[in-house]
Amino acid sequence: MRAMRRLPRSLRALIPLVLTTVTALGPTSPVAFAAGTTVRLPVLKSRLADGAACAGASSAVASAVPWEQHSLGLSGVRQWGSGAGVTVAVVDTGVSQQAPTLKGRVTAVGGAGVDCVGHGSFVAGIIASAPAKGVRFAGVAQGARVLGVRGTDEHGVATAAGVAAGIRAAVDAGARIVEVSPALVQGSDALTSAVRHAADRDVLIVAAAVPDAPTTATSSSAPPPQDYWPAAQQGVLSVLDVDVAGKRPDGAYTPRSADLAAPGDGVVGPGPKGTGHFIGSGASLAAAYVAGTAAIVRAAHPDLTAAQVARQLTTTAYPADVPRLDPYAALTSVREAAAGAARARPAPPVRLHSDGAGERATRRAVVLAAAGAGVVLLVVWASVIIPRGRARNWRPARR
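Reading the sequence shown from the start, the letters are residues 1 to 399 in the numbering used here.
Think of the hints as simulated: they come from the structure by calculation, not from any bench. Please read all numbers here as calculations on a predicted model, not as lab measurements. One or more hints might be untrue.
[Said to hold, decoys possible] Taking lysine-lysine pairs in the DSSO-like style, the calculated list, with each CA pair at most 27 Å apart, reads:
1. K103 - K133
2. K133 - K273
3. K247 - K45
4. K103 - K247
5. K103 - K45
6. K45 - K273
Modelling step: build the complete structure from the supplied sequences, incorporating the hints.
Structure, rendered in structure tokens:
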């Protein structure tokens, strides 16, 4: 079991998936992998076009456990805590106070309790949704409180000034963790000051390392690697998204470096109203999984500083080009900060190299084919060995 647990969770997630029909999954696909089935859900965008109506309720429900929750082993994580007593701020499009699985645990700064776009509610749901009868999706830190903070305009467009104001408001309102969904091409003095303000108050900022890819993105339209803000600022825990095969989606933006990777391509979450679910993609959703894990770590180990929590998440991650979040290890193998260190600094971010779209597709195919071949060999082995064993009443063969 120990050897099995040290396998990358992205590969272990493929074991139940091999037994199902494999469906292509892209940034705009309405198909989400789940254990033993596929779930077709509407896509929730991070922005609304001018004149577009607010996001409505989804009529589809995730009746099977989504692949990302299997990949992270969340069923085993929740026995160690729920994040109760920790407030996680979501700097995004707002967080609906009417979302059923968050009801009673959402407070908001100003008018951020209304979420027209729905993206902030989706992120908050990944972080803290409570379980519901007949629904297999649930948040990471089901006992945490959520603080909705608007960092965008009514269409979901963010500015450095808006994000900076949102971070400051979240810190001043008592959040212990701040998830920042926007990733901006330019920083600002105000944004730098807001991040320092969070550090001074021992608040952990978890930010998307890159913008969520537009729904029309292709590999040829993706810009070259660059820094995005506030994720690129020192002291911020930056997060990239990966898909079910552990790879970046085709056409995604790429940062110069990142601290962690987590599921974010084709993941399930709630909308701003109703009991149905949507599917979404982007680094902001991966950041939500990291923020939820950080909430459980802070609740379980309140003596750890924000910087120590960040280091705990990075040093217990699975080795990869960008280390992969491992919530179970982060919770069960807390390491004390070095003696005399007032604030432990997060592990150095990992420099990225870019793979071509063809190479990524080939790697996915190889992984899936290898997993399928393993299942076939296991079946063949069982078909030979089991009948022979039964014939001998499971006695050792004579020599």
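Consistency of the hints with the structure:
About 15 Å separates the Cα atoms of K103 and K133, which keeps this hinted pair within 27 Å; it holds. Taking the CA atoms of K133 and K273, the gap is near 17 Å; set against the 27 Å cutoff, the hint holds. Of the supplied pair hints, the one linking K247 and K45 holds, its CA atoms being roughly 21 Å apart against a limit of 27 Å. Proposed proximity of K103 and K247 is contradicted: the alpha carbons are some 34 Å apart, above 27 Å.
Under the criterion of a C-alpha separation no larger than 27 Å, the hint pairing K103 with K45 is consistent with the structure, at around 22 Å. Between K45 and K273 the alpha-carbon distance is near 15 Å, which keeps this suggested pair within the 27 Å criterion.
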